[in-house]
Each structure stands twice: as C-alpha cells, then as structure tokens.
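**Q** Spelled out from the first residue to the last, the chains are:
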Amino acid sequence: MIRMSRIKKVYDTGKVSFEALRGIDLDVKENEYIAIVGPSGSGKSTLMNLMGCLDTPSDGEYLLEGKRVNTLTSNQLADIRNGMIGFVFQAFNLLPYASSYENVELPLLFSGMRGKLRKNRVIEVLNKVGLGDKLANKPTELSGGEMQRVAIARALANDPKLILADEPTGNLDTRSGMEIINIFDELWQSGHTVIVITHDVNIAGRCQRIIKLKDGMIHNGNGDPEK
Amino acid sequence: MSPSILYNVFIRDFRKQRKRMLLTLVAILWGTMSIMLLLAFGEGLKVQFMKGTTGLGQGIVIMWGGQTSMPYKGFGKGRRIHLYEHDLEYLKKNIPAIREIAGEYIRWSVAIKYKDKVLTERINGVYPPYRFMRNMEPQSGGRMVNNIDIDKKRRVAFLGDGAKERLFGQEEAVGKTIYIQSLPFKVVGVMQHKVQMNSYQGQDEDVIIIPATTFVTIFGDPYLDNIIYTPVSLDDTKAVEKEVMRFMAAKHKFNPEDDDALSFWDVIESNRVTGTILLGIEIFLGVIGALTLLIAGVGVANIMYVSIKERTREIGVKMAMGARKIYIVVQFLLEALSITFLGGFFGMAFTYIMTETFKRIPIESSVFDLMGKPTVSMEIGLLVILILGFTGLLSGFFPALRAASVNPVDALRYE
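Going line by line, the protein sequences match chains A and B. Under this note's numbering, the residue at position 57 of the first sequence is numbered 115, and the numbers go up by one with no gaps. Under this note's numbering, the residue at position 9 of the second sequence is numbered 206, and the numbers go up by one with no gaps.
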C-alpha cells in the first residue's frame, strides 16, 4: 500500500536548513497495524505528514496505492486526503463552533455526498464510536475521550483505507485512552490499515509492528511488539 | 465544485461568526448610506436647480438696448439704442437660425385695485409665445394671453401666483375684474407656481401680464424693453448672437463690434454653466461617499485578514479533511462579498426610507425649496452596486489568496 524509498525532507527557513528525514525506506502492506515510536525531533510527525499527503518529500519517491505522490497536483492530493486517508490528531482539531454532527459531516461535504445519504453516513459513523446520542453537542460540551471519538468518526466518514493517528491518546486520561485504543483495534480488525504515532507502550504493544525512528532515520523497521 | 458543498460549508461557517459579521456589516451599511444619501441629495439639488434655471425660461436669449460706445458713420458715441416692434419682424425674416422671437414691455409700480385692496405691482405687456419661452403655465381653469387678445387689444390679465395671492388671497381670481390704473381688466388665468432661480426683472410670480397691444394703448410706450428669442439649435448660440448684432447694427446704424450698443443674456449658456457646476458638485459628493465606502471596504479586508489568522487552524483541518484550495478561497471571497452586499442592501433600504421620509416632511421654507427632493435614481443605485461589488471583491480577494497559501502542516501546528 505504501512504498517509500530514500525519502528525505528538508525544512529550509532561509538561514538554516534542517533535515527532518534523512532517507527513509519503508513498505506498508494493506491491513497492517503499525506503531511509529521515537524521541521527539526524530521525524515521526514529518513522516506522518508525508504519508498523509499533507506535505511532499524533498527527495526520494513515495508510492501510495501505486500512485507517485511526488508528481500529484494539490487538488489531487486534496482528493486523496479526502477519500483514502483519515487523520486523528493529538489535539483533536475539531471545529470549535460546530456540533459533532457538523464536524463529522465535513469530509463528506468535500467529497460531495448528497443530502440523505450524507446524513445517514454521519449518524452511522457516530454510532460506531458510541456517540449516537451526542449529535448536536459542540466540542466544549464533550469530554476529551468523546472529542477524540468524534475526531475518529470524522476520520472514518469517507471510509478511508488508511488511518493515520498522531499521538491520539496524548491528551487523554488512561481510561479514555484505552477506549480509543480499542476503537483502533476494531478498525484494524475490520480491514483498515492503521498507523499510530505514540509514546504509549500500551498502544505500541497491540500493534503488529513497531517502527523506531531516530534522527530522521529508521532505527528498527520491523520491531517486534513482544520485545 | 458542486454548489451544495459551497452552500453547506459556507453558510454554516458564516452563521457561526455572527458578531464579527454584524460589525463589518454595519460599516458597509454606513458607507453605503453615506454615498447614497450624498448622491441622493446632490441629485435632488441638481434637479431643483435645473428646474429653477428653467424657471426663467427654456432655450432663450434675452436682449435689451444700450448705449453706443464707439462713434459710427458720423454718429457720436453715447447714443441710446432702442428696440422696436418692427425689429421683431425684421430679425425673424433675416435670421433663419431664430425659431421664435417676442417682445416684452415692462412698467414698474403700477397701481392695481381689486375691491378695496390697492397694490403697486409690475405690469408686463407680452405676446403669446412668451408663455413657452418663460415657462409660464396657467393653472387649470385659466389661460395665458392669446392671439385674439393681441388682435382685439382686450383688457385681460394673467396673474403671477404671488400677485394673485396678495390681491385675492384664497378667493378664486379667474373671471373677476381688477383695475389697472383705474381701467377694468378681466382676470383670465393664474400662473402655476414655479421655482425660479434667476431673473432680470423680479420673480415671475409677482408679475401681472397683459397683451402687448393693450399695454401700448394704455401706457403709450414707444419701444420694447426686451426682445426674447429662441435659437433653432442650442449648440451655437454665440453665432446667432453675432448675426443678431450684425443685422441690428445695420438697421440701427451702430458699429457691429460695439458690445455696449446691445446687451444679451444667453440663458442657454448660463444654464449650461450651472449644469456643469452641479455635475461637479455631484461628482464631489460622490467621491466623498465612495471614499467612505472604500474605508468600510478596507475594514472588511482587515477583518477578513484577522479572521484568517484566527482561523488558520480551521483552514488546516479543512485541508487535511480534503478541502481543495479553491473551496477555501471561495469561502473567504464569498464571506467578504456577502458582508458587502448584505450591508449594501440594508444601507440602500435605510437610504430609501430616509429620503422618502424627508420628502414627506411638510415644511414650507425656501431652504427646503432649494434642496428639492432627494432622489435615489437608478443610476445612483447601479453605481453604488458597482462600487460595492468592487469593494467586496477587493476586500475578499487578497485575504482569500492568503488563506489559500496556508500550508496545511503549518496550519495544523498553529496555536
């Protein structure tokens, strides 16, 4: 599903240039459950942004489902993000003024799904994360765990193959964190490819495979969760 | 992009930003109102002035005799030049560029009597074309001096509305008999009120008009006080004036270059000048209004910029969810345009209400008379819409571009 070869990412601020990724080679097969770990500054988020087509690499080649991401236009990237990828962030990133329903509806609006169909889908995914009774609540009226569940529902709205999560439990207490991890487990079991950046050994322990990053390079790409 | 996406994303976000939208809306409303009110009052003023200048007459040149200032063919200077009835025929016959020509006799301070009321008023002896030249329309139920009056030297009088008021008050005047220098005259008509902004013998509302032939019989004036003519074309009144000068000089034996021998008041030309000045005033008012509106536009742009700063994260989230750049651009552009047009709409509505109210204020005063009726014309409306559109696009375009240039990675990291 994902094939990265010699991927580099350089941030050039004019005066200083910083090499966040220094040659990543990585293959991800369909329906893998992967944890990316590493100290801060090791390039985890940068790698995730590249995988999620939010950014393009400075060098190297990235194939996503056989498509060369390097050469795609910004509209094509937007369509890929919309249809193939679901993002879950540490800070939830819900629109603060919009209800759960409206937040989940957002990717469906961009994909152009029509009225009744769209409504049913929003309710379906919110039910899936157990928030069928909180459609009209705004983020301020939800707990942290609930907010993250809304964010997951939003990520699932267009039924993407790939779920990317950046520290999804970082802002949550242990119990809510566990609920979130359980949802990820279910997603993996139902056929999604799930990639999670985490510090949390509980999550990493559940994954099939752990990728350790250090200084912009993969330190150990096939870590066994048992160790 | 499907319109339903646009509608859903845009309307939804728009509703959430009520307070900010409202404030900017008020700014645009205010700007629209200033430009429209200024233009409306400018238009009213112009209409009133135009009416006022045609109050004296439409397309006319007034001519009167003077004194020679150059010796000519043995005559010394300082000789008086008089205008005669036979000059009218003579000029009309010789100058085809003159459409119509009429003479006018004036006598000041004539005793007028109705019942036991005695006034001293101005009397004009005129010919029928005078009515159209000087815009003296009779009120219904009456008439102006006509050709039969002239032929039969009838003793009939046409009253200015002011003179009628003084003589008759509210009483009906037509059909009554008044005495002019002890001679009975029958009132045949009263003039409709008109706004008159310039004059050479006082306001027409104060005059009493009688047939020229009757006038000569009673007062025995040997020559005309004024000749009024209308040129065929309004474009080259100076050339006609030169022709008149040439023929009159030949007939009355004075130097055609002698400007003091005959005087002209080219009402057409002075109306044109007035028109130009009024246009200038209108443009000036319009520019002030437009600047006010533009400042409001800058306000909108400013708010949009701030709004983008505040909503950077939101933009990032939307991009991560698969929003194309164009959605973001269109959203911000539409926001600016909506604010502008909504504000503009309410501004127009308020202006309309205000001008309509103003028109209905029942105050009779010369100031109000001069200000006229503020008028929101089609042209003003279209102009304002044009300026609003321009302002909206401009105030939305640059912020929108900026929003679209936001990098989703940075935007998501933005606190």
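None of these hints come from the bench; they were simulated from the model. Hints are supplied without guarantee of correctness; some may be wrong.
Computed cross-link-like contacts, BS3-like style, restricted to lysine-lysine with a CA-CA straight-line distance of at most 27 angstroms [stated by the list, open to error]: (1) Lys373/B with Lys383/B; (2) Lys350/B with Lys310/B; (3) Lys125/A with Lys522/B; (4) Lys219/A with Lys177/A; (5) Lys373/B with Lys274/B; (6) Lys435/B with Lys310/B; (7) Lys177/A with Lys270/B; (8) Lys73/A with Lys450/B; (9) Lys383/B with Lys350/B; (10) Lys314/B with Lys383/B; (11) Lys196/A with Lys506/B; (12) Lys450/B with Lys274/B; (13) Lys289/B with Lys310/B; (14) Lys219/A with Lys87/A; (15) Lys270/B with Lys448/B; (16) Lys522/B with Lys289/B; (17) Lys66/A with Lys522/B; (18) Lys216/B with Lys196/A; (19) Lys87/A with Lys272/A; (20) Lys219/A with Lys522/B.
**Q** If a hint holds in the structure, say so; if it does not, say that too.
**A** Here is how each hint holds up against the structure:
1. A hinted pair counts as satisfied when its Cα atoms are at most 27 angstroms apart, and Lys373/B with Lys383/B qualifies at roughly 6 angstroms.
2. Simply put, Lys350/B and Lys310/B have alpha-carbon atoms about 20 angstroms apart, close enough for the 27 angstroms limit, and the pair holds.
3. Between Lys125/A and Lys522/B the alpha-carbon distance is near 21 angstroms, which keeps this suggested pair within the 27 angstroms criterion.
4. Between Lys219/A and Lys177/A the alpha-carbon distance is near 21 angstroms, which keeps this suggested pair within the 27 angstroms criterion.
5. Taken as a hint, the Lys373/B and Lys274/B pair is broken in the structure, with Cα atoms around 50 angstroms apart against an allowance of 27 angstroms.
6. Between Lys435/B and Lys310/B the alpha-carbon distance is near 44 angstroms, which puts this suggested pair outside the 27 angstroms criterion.
7. At roughly 105 angstroms between alpha-carbon atoms, Lys177/A and Lys270/B are farther apart than 27 angstroms, so this suggested pair is violated.
8. Between Lys73/A and Lys450/B, the direct Cα distance comes to roughly 96 angstroms. Violation of the 27 angstroms bound is thereby established for this hinted pair.
9. A C-alpha spacing of about 13 angstroms is found between Lys383/B and Lys350/B, which places the hinted pair at or below 27 angstroms, so the restraint holds.
10. For the hint pairing Lys314/B with Lys383/B, the CA-to-CA distance comes to about 16 angstroms; that is within 27 angstroms, so the pair holds.
11. Annotation: proposed proximity of Lys196/A to Lys506/B holds, straight-line Cα distance about 22 angstroms (limit 27 angstroms).
12. The suggested pairing of Lys450/B with Lys274/B holds, with an alpha-carbon distance near 12 angstroms, which does not exceed 27 angstroms.
13. Restraint check for Lys289/B and Lys310/B: not satisfied, since their Cα atoms lie roughly 38 angstroms apart, outside the 27 angstroms limit.
14. For the hint pairing Lys219/A with Lys87/A, the CA-to-CA distance comes to about 11 angstroms; that is within 27 angstroms, so the pair holds.
15. Taken as a hint, the Lys270/B and Lys448/B pair is honoured in the structure, with Cα atoms around 13 angstroms apart against an allowance of 27 angstroms.
16. Restraint check for Lys522/B and Lys289/B: the C-alpha separation of about 77 angstroms exceeds 27 angstroms, so the hint is violated.
17. Restraint check for Lys66/A and Lys522/B: satisfied, since their Cα atoms lie roughly 25 angstroms apart, inside the 27 angstroms limit.
18. Taken as a hint, the Lys216/B and Lys196/A pair is honoured in the structure, with Cα atoms around 19 angstroms apart against an allowance of 27 angstroms.
19. Under the criterion of a C-alpha separation no larger than 27 angstroms, the hint pairing Lys87/A with Lys272/A is consistent with the structure, at around 22 angstroms.
20. Distance restraint check for Lys219/A and Lys522/B: the Cα-Cα separation of roughly 23 angstroms lies within the 27 angstroms cut-off, and the hinted pair is therefore satisfied.
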